[in-house]
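> Sequence:
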Amino acid sequence: MKLLPKESMPREKLLSHGPQALTDAELLAIFLRTGTQGMNVLALSDHLIKEFGSLRKLFSADLSSFCHHKGLGVAKYVQLQAVLEMTQRYLAEALQRGEALTSPEQTKLYLSGLLRDKQREEFFVLFLDNQHRVICGEPLFQGTIDSASVYPREIVKRALEHNAAALILAHNHPSGIAEPSQSDRRITRRICDALALVDIRVLDHFVVGDGEIVSFAERGWI
2 MKLLPKESMP REKLLSHGPQ ALTDAELLAI FLRTGTQGMN VLALSDHLIK
52 EFGSLRKLFS ADLSSFCHHK GLGVAKYVQL QAVLEMTQRY LAEALQRGEA
102 LTSPEQTKLY LSGLLRDKQR EEFFVLFLDN QHRVICGEPL FQGTIDSASV
152 YPREIVKRAL EHNAAALILA HNHPSGIAEP SQSDRRITRR ICDALALVDI
202 RVLDHFVVGD GEIVSFAERG WI
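Be aware that the sequence shown starts at 2, since it is given in this note's numbering, and climbs by one per residue.
No wet-lab data here; the hints were simulated from the structure.
Each residue gets a CB set at the ideal place from its N, CA and C atoms; glycine is no exception.
Among these hints, one or two may not hold up.
As the list claims (entries may be wrong) - If you anchor each label on the Cβ, the simulated ranges turn out as follows:
#1 C137 with L16: 36 to 42 Å
#2 P105 with K71: 40 to 46 Å
#3 N164 with R57: 36 to 42 Å
#4 S150 with S61: 21 to 27 Å
#5 S65 with T145: 21 to 27 Å
#6 Q82 with D200: 39 to 45 Å
As the list claims (entries may be wrong) - Taking lysine-lysine and the DSS-like style, the derived pairs with C-alpha atoms no more than 27 Å apart in a straight line are:
#7 K77 with K58
#8 K158 with K109
#9 K51 with K119
#10 K14 with K71
#11 K158 with K119
#12 K58 with K119
#13 K109 with K119
#14 K71 with K51
#15 K77 with K51
#16 K77 with K119
#17 K71 with K58
#18 K77 with K14
Based on the sequences and whatever the hints tell you, model everything.
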């Protein structure tokens, strides 16, 4: 990093303009800190992102795939996993500190980070009180590579156990395509109808794909 012109050094750029001004390669360079023989850290970062296909794919790589690349190793893998877990816990804490949910975008960000890279379909529920504060969140159902068996009765049971007044549903599509299927819409209607019998509302159902997340509420389906 010290061999780079000051105006191109990621740390200085971040301090001057904020992290949002950095490219993916520049952010990764700050994490890696050093390059390899014959390749400075920015060049290495750019090379790795191209090799993996994206920053996200690099982050979701398993230990073997990660360490297979020059400039990466077990220590970097452990460090990266710790950073990712801290990020997830930060987002979870922002939702679960007892404050009312006022930002759909923050909820999307949390659910996307939680579900996007799952290899199998997972159905997740956020349980809320009557002021729309998060009581807790639970993965209730897990499926095969392309489906999950979802039982409305079990959701009602858990909602009553938590004394929830409202719910937010979410599940991922391992295919990467976030567009809800007809079966997604049917099961959502069944869940809404079942919960309505005990006076519990479903505020939204998010479907998480590779690069997007679809909201049933925004589509007018809830």
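> Does each hint hold? Answer for all of them.
Against the structure, the hints come out as follows:
1. C137 with L16: 36 to 42 Å: holds, 38 Å
2. P105 with K71: 40 to 46 Å: Holds, since P105 and K71 (Cβ atoms, about 42 Å apart) stay within the stated range.
3. N164 with R57: 36 to 42 Å: For R57 against N164, whose Cβ atoms are near 37 Å apart, the range 36 to 42 Å holds.
4. S150 with S61: 21 to 27 Å: holds, 26 Å
5. S65 with T145: 21 to 27 Å: holds, 24 Å
6. Q82 with D200: 39 to 45 Å: holds, 42 Å
7. K77 with K58: Holds - the C-alpha atoms of K58 and K77 are around 15 Å apart, at most 27 Å.
8. K158 with K109: holds, 25 Å
9. K51 with K119: Answer holds: K51 to K119 is near 22 Å, not above 27 Å.
10. K14 with K71: Holds, because 26 Å separates the two Cα atoms, which is no more than 27 Å.
11. K158 with K119: Answer holds: K158 to K119 is near 25 Å, not above 27 Å.
12. K58 with K119: The given pair, whose Cα atoms are some 12 Å apart, holds under the 27 Å limit.
13. K109 with K119: Holds - the C-alpha atoms of K119 and K109 are around 16 Å apart, at most 27 Å.
14. K71 with K51: Holds, because 13 Å separates the two Cα atoms, which is no more than 27 Å.
15. K77 with K51: holds, 18 Å
16. K77 with K119: With a Cα-Cα distance of about 22 Å, the restraint between K77 and K119 holds, given a limit of 27 Å.
17. K71 with K58: holds, 16 Å
18. K77 with K14: holds, 23 Å
In the structure shown, no violation is registered for any of the earlier numbered hints.
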